[in-house]
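**Q** Chain residues, written in single-letter form:
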Amino acid sequence: MRLPWRRKVSDRDLDDEIRAHLAIEAEERIASGDTPDEAGHAARRAFGNVALIKEDTRSVWQRGWFDAGRKDVRFALRAMRRTPGFTLVVVLTLALGIGANTAIFSVIHAIFFEPLAVTDPGRLVLFSPDPFYGTMTNTTPRDGAWREYSSASYEYLRDAGLPLTGVAASAGNGSDSITWHRLGPNGASDAAAPSPARADARGRAHLVSGNYFDVIGARPQLGRALTANDDRPDAAPVAVVSDRFWRTKLDARPSAVGDALALNSMTVTVVGVMPASFFGDRVHSAPDMWVPLVWQPAVQLREVLRDDTTQYWLNLIGRLAPSVTQPQAQVAATAALRQFLTAQAGTADAVAQARIAQTRIDIASGARGISDARKTNATPLALLFGAVGLVLLVACANVATLLLSRATTRASEVALRRALGASRGRLVRQWLTESLLLAALGAGVGLLIALWLTPAFEARFPVGPLHARLHAPVLLFTVAITVVASVLFGLAPALRAGRIDPLAALRSSGRGSRARRRAFGATEPFVIIELAISLVLVVGATLFGRTLVNLERVPLGFDQQDILTVAINPRQAGYTPDNAPALYRRLYDRVAALPGVDSVTFARYSPFGGSLSQFSGAAEGYTPAPDEHVLFEAVEVGPNYPQTIGMPIVSGRAIDLRDVDGAPPVAMINAALAERFFPGANPVGHHLSLGQQEYLIVGVVKDALFHSARLAPVPFVFTPMLQEHTQMAMDCELEVRTSGDTVALAAAIRDAVAQTDSRVTVMRAQTLRAQFLATLGPERLATRFVSGFAGLALLLAAIGVYGVVSYGVSGRTREIGVRLALGAANRDIIWLLLRETLVWLAVGLSVGAVSAAMAGRLIASQLFGVTAADPSSLVIAAATLAAVAVVASIVPAVRALRVHPSAALRAE
Amino acid sequence: MPPRSSETSRVGLLQGTLDMLILQTLQWGPRHGHGIGQLLRAKSEDALQVEHGSLYPALHRLEREGWLAAEWKMSEANRRAKYYRLTPAGKRHLLREQSRWDAVVRTVARVMRPSEES
Numbered sequence: 000m001r002l003p004w005r006r007k008v009s010d011r012d013l014d015d016e017i018r019a020h021l022a023i024e025a026e027e028r029i030a031s032g033d034t035p036d037e038a039g040h041a042a043r044r045a046f047g048n049v050a051l052i053k054e055d056t057r058s059v060w061q062r063g064w065f066d067a068g069r070k071d072v073r074f075a076l077r078a079m080r081r082t083p084g085f086t087l088v089v090v091l092t093l094a095l096g097i098g099a100n101t102a103i104f105s106v107i108h109a110i111f112f113e114p115l116a117v118t119d120p121g122r123l124v125l126f127s128p129d130p131f132y133g134t135m136t137n138t139t140p141r142d143g144a145w146r147e148y149s150s151a152s153y154e155y156l157r158d159a160g161l162p163l164t165g166v167a168a169s170a171g172n173g174s175d176s177i178t179w180h181r182l183g184p185n186g187a188s189d190a191a192a193p194s195p196a197r198a199d200a201r202g203r204a205h206l207v208s209g210n211y212f213d214v215i216g217a218r219p220q221l222g223r224a225l226t227a228n229d230d231r232p233d234a235a236p237v238a239v240v241s242d243r244f245w246r247t248k249l250d251a252r253p254s255a256v257g258d259a260l261a262l263n264s265m266t267v268t269v270v271g272v273m274p275a276s277f278f279g280d281r282v283h284s285a286p287d288m289w290v291p292l293v294w295q296p297a298v299q300l301r302e303v304l305r306d307d308t309t310q311y312w313l314n315l316i317g318r319l320a321p322s323v324t325q326p327q328a329q330v331a332a333t334a335a336l337r338q339f340l341t342a343q344a345g346t347a348d349a350v351a352q353a354r355i356a357q358t359r360i361d362i363a364s365g366a367r368g369i370s371d372a373r374k375t376n377a378t379p380l381a382l383l384f385g386a387v388g389l390v391l392l393v394a395c396a397n398v399a400t401l402l403l404s405r406a407t408t409r410a411s412e413v414a415l416r417r418a419l420g421a422s423r424g425r426l427v428r429q430w431l432t433e434s435l436l437l438a439a440l441g442a443g444v445g446l447l448i449a450l451w452l453t454p455a456f457e458a459r460f461p462v463g464p465l466h467a468r469l470h471a472p473v474l475l476f477t478v479a480i481t482v483v484a485s486v487l488f489g490l491a492p493a494l495r496a497g498r499i500d501p502l503a504a505l506r507s508s509g510r511g512s513r514a515r516r517r518a519f520g521a522t523e524p525f526v527i528i529e530l531a532i533s534l535v536l537v538v539g540a541t542l543f544g545r546t547l548v549n550l551e552r553v554p555l556g557f558d559q560q561d562i563l564t565v566a567i568n569p570r571q572a573g574y575t576p577d578n579a580p581a582l583y584r585r586l587y588d589r590v591a592a593l594p595g596v597d598s599v600t601f602a603r604y605s606p607f608g609g610s611l612s613q614f615s616g617a618a619e620g621y622t623p624a625p626d627e628h629v630l631f632e633a634v635e636v637g638p639n640y641p642q643t644i645g646m647p648i649v650s651g652r653a654i655d656l657r658d659v660d661g662a663p664p665v666a667m668i669n670a671a672l673a674e675r676f677f678p679g680a681n682p683v684g685h686h687l688s689l690g691q692q693e694y695l696i697v698g699v700v701k702d703a704l705f706h707s708a709r710l711a712p713v714p715f716v717f718t719p720m721l722q723e724h725t726q727m728a729m730d731c732e733l734e735v736r737t738s739g740d741t742v743a744l745a746a747a748i749r750d751a752v753a754q755t756d757s758r759v760t761v762m763r764a765q766t767l768r769a770q771f772l773a774t775l776g777p778e779r780l781a782t783r784f785v786s787g788f789a790g791l792a793l794l795l796a797a798i799g800v801y802g803v804v805s806y807g808v809s810g811r812t813r814e815i816g817v818r819l820a821l822g823a824a825n826r827d828i829i830w831l832l833l834r835e836t837l838v839w840l841a842v843g844l845s846v847g848a849v850s851a852a853m854a855g856r857l858i859a860s861q862l863f864g865v866t867a868a869d870p871s872s873l874v875i876a877a878a879t880l881a882a883v884a885v886v887a888s889i890v891p892a893v894r895a896l897r898v899h900p901s902a903a904l905r906a907e
Numbered sequence: 000m001p002p003r004s005s006e007t008s009r010v011g012l013l014q015g016t017l018d019m020l021i022l023q024t025l026q027w028g029p030r031h032g033h034g035i036g037q038l039l040r041a042k043s044e045d046a047l048q049v050e051h052g053s054l055y056p057a058l059h060r061l062e063r064e065g066w067l068a069a070e071w072k073m074s075e076a077n078r079r080a081k082y083y084r085l086t087p088a089g090k091r092h093l094l095r096e097q098s099r100w101d102a103v104v105r106t107v108a109r110v111m112r113p114s115e116e117s
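If you read the protein sequences in the order shown, they are chains A and B. According to numbering that gives the first Met the number 0, the residues represented by the first sequence are 0 to 907, in order. According to numbering that gives the first Met the number 0, the residues represented by the second sequence are 0 to 117, in order.
Keep in mind that a hint or two might mislead.
[Unchecked claim] Residues from chain A that face chain B, not an exhaustive set, calculated with beta carbons under 8 Å:
(1) 59
(2) 304
(3) 308
(4) 587
[What the hints assert, rightly or not] Computed footprint of chain B on chain A; a stretch qualifies when at least three of its residues, placed anywhere within it, have a C-beta under 8 Å from a C-beta of chain B:
(5) 46-57
(6) 67-77
[Said to hold, decoys possible] Using 30 Å as the maximum straight-line C-alpha spacing, the simulated DSSO-like pairs for lysine-lysine come out as follows:
(7) 72(B) x 53(A)
(8) 90(B) x 72(B)
(9) 90(B) x 42(B)
(10) 70(A) x 53(A)
(11) 90(B) x 374(A)
(12) 72(B) x 374(A)
(13) 42(B) x 72(B)
It should be emphasised that the hints constitute simulated quantities derived from the structure, not laboratory data. We put the CB at the ideal spot given by N, CA and C, even for glycine.
Just chain A, with the same shape it has in the complex (with noise of 0.2 Å):
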């Protein structure tokens, strides 16, 4: 095999060959009696073929289509210099498609694919039914698939002899807040330790099993990771500490292995640094460090939990055997589980067994963690992948018919090159080559637009400790949409250009009208496509725009501009259920007195803050049907909420001073409540129950919305803060309405939180109206992409009828001119190229107003306040459609005037 950089010579060689052989023959026929002029032309004739048989025979030497596959690469990229400005037009589309697309893909690829950063993740698997975070409750759940497991059964589950390598545990509401600080030497504090009051002082810390580090697979950076041993009674108190920890606040010392912590009140060693890829099982920003469980009651300043079979707090999490399959590992935890209730129900009678054969434990890869955000990301992320996906369509249209004009303008030379023996495969293969050599550089470019578009993406999604990054998957994806653009816009170009009539166009002035007119017939379904298409991106962006506006302005029964919600909190302070409500009490009066605030009260939390409690309970004369499970929503409140928060008082009375220790414990009820277990009746001075408590109605308000805009009013009960002496009483937020600047007044909140107790610290503080709008985060994202894309979709669409009118026009140069000199008006002209674009615009909306109709079934459960069919906004989008495509007509139009009629008459 000759190599490539032989290849000269023997081009050079075989033309002396064939110019041999034509003179050897040439030579023949003069002794035969031509004359020479005669045998030279007789024998290339004879020959045949010349440039072809070169052709031919050069490519034996080839190998095969890899070096076919170079020329026409060569051939393409001659073909783009020629032409810079189209090339730069056509690549800069392409570019801004592609790298979109890409970006929105690295944020899903991170949000839905990216496994932990730990050995083989694939092997992990969860103890519940799907990822998402776990809590802390005291019901096992009613459909009898576990999610959250009490300490002993946890220990049961992890000495079953399961198909795991091992069993971890962790506590199931992932990390809890705590104060530190660095002890010396001596374990003493050190001089410079912060108060806890400061910020600096404050860390959160996830409890975790001994084993947790060595079954998820992670290993330290420094140091080790936590062991069996450590998680003992009777063992010294060590903690692994998060790279992020290590480096902010040990300052990334290798001596930092060692030290001496103080976290709340216990001493704690560090013994390890994990790396900084690795952040636990939860997608969430790494706890600052990780302390074995049997520390529960140091950490979470509350009693043990360990010992009450009735808590189940812990998430579980386990490694597969080798050749151990997810189904197999299901049955036998299953069999597991059960196994230890019968033994824990002792004597079990049938409504017990019932219970225990439904119980069972759902085994759910873990390879991904648990996370959130795929839940509440999925549907916003989907729908603006989908739209990324229309733009790259109408970018791929937009390229179709700037390639389909060109192939016009190429008619000569591709005539020219099927004279000279090219087939029609060969050329149609060429043009691919240039379709897919302009996709390749357009996702070059688009490559350097994902690099810049991907970190602004990732600001707005909750990606957490991950990084959408533009690494070997993403790559993939972005190489798989650029060879499928490039056969979207390149096949019909390509096979237009196999279709040229050589004969026809060589002869043909090849600027003839028909000729032009011809090439539109092919171009029209791709305008169409595009005008559709933007129809739906714009229609898709009204109704987002119409759903946030929606949102924002539905009432949700409390004043949220007024009212600041401060947080606090006590636990850390030293406080315990005993003497906290005194706290608040103190609090309630000194922060009444303060210039600006017209009242305050306080609650464990408030509106939209994303906390939920909810109780089993019964209400007097009420019968729940067999199967009904009466819950209701109870958050523990102060004196005169209902006023503070603008929540209007049906009837009876608010909880008040009265309502304190020793007092008659006393509920407030709302309006839906109400309507649905005293119907008909005044519920004040019945009486209901949550759990084992039971109290007195006092008071119904009006519904409130604490959770969600688009969801209506659930049944609640406000009980008094000042009465309650459990846990509950841990969390607090003061609630204070004001006329005044909240700023300043926050500042002053906080300063008078400082002077009651030096160790309670204002963990936030922001209006209620912050903390609803905050909670609109995805609907807000979703409106701003769609109509960003919208607006892309609506820019390439203007660019896709100009381009393809001003084509026209100069094609049309004669006749408009001879228009023109027989006393057209102006006007007359410029109806009749707009009279296409109006024909493109009507055939576009409508089928683009069926695609709208039949994509807003998909997104109709997003939306608030409008259908999916809604006529005003489809009125909109297409008047806004129909002007631009309008305005991106006219102007070549316009253009097309100023020609000098006998300028064009004279164009050829």
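For chain A, the structure is supplied; the task is to place chain B on it using the hints.
**A** Quick look at chain B alone, frame taken from chain A:
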């Protein structure tokens, strides 16, 4: 040009067969492309007028496979031309192709002959 017989007609050739014929013509010494074409025409009594579009690609392909070797020499008319000659490997390939061709011819003849048994 020698007169063409009115009874013979142009024969179409498969690529493999052309290769074999070219190798055969080179058994009696090296020739250049023009000469090979002439010899084929002469030996087939004009029935074979090889298209140059097939001849030159075939020659180069045979050279690539190593069955022919080429060198530039001076022709009879003192003109520089590229001469092809058979290589030992080419000779072996020719013999193989000859026996294969014979087998094909026999098989086809057998089928085409009317059968003598009923």
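**Q** Take the hints in turn and mark each one as holding or not.
**A** Against the structure, the hints come out as follows:
1. 59: holds, 5 Å
2. 304: Not OK, violated: residue 304(A) not within 8 Å of chain B, min 81 Å.
3. 308: Result: violated, 84 Å to nearest chain B Cβ.
4. 587: With a closest approach of 97 Å, the residue 587(A) hint is violated.
5. 46-57: holds (count 7)
6. 67-77: violated (count 0)
7. 72(B) x 53(A): holds, 21 Å
8. 90(B) x 72(B): Holds - the C-alpha atoms of residue 72(B) and residue 90(B) are around 22 Å apart, at most 30 Å.
9. 90(B) x 42(B): Roughly 20 Å between the alpha carbons, so the hint for residue 90(B) and residue 42(B) holds.
10. 70(A) x 53(A): holds, 15 Å
11. 90(B) x 374(A): violated, 74 Å
12. 72(B) x 374(A): violated, 81 Å
13. 42(B) x 72(B): Holds. Residue 42(B) to residue 72(B) sits at ~24 Å (cutoff 30 Å).
The structure does not agree with the numbered hints 2, 3, 4, 6, 11 and 12 stated previously, though it agrees with the rest.
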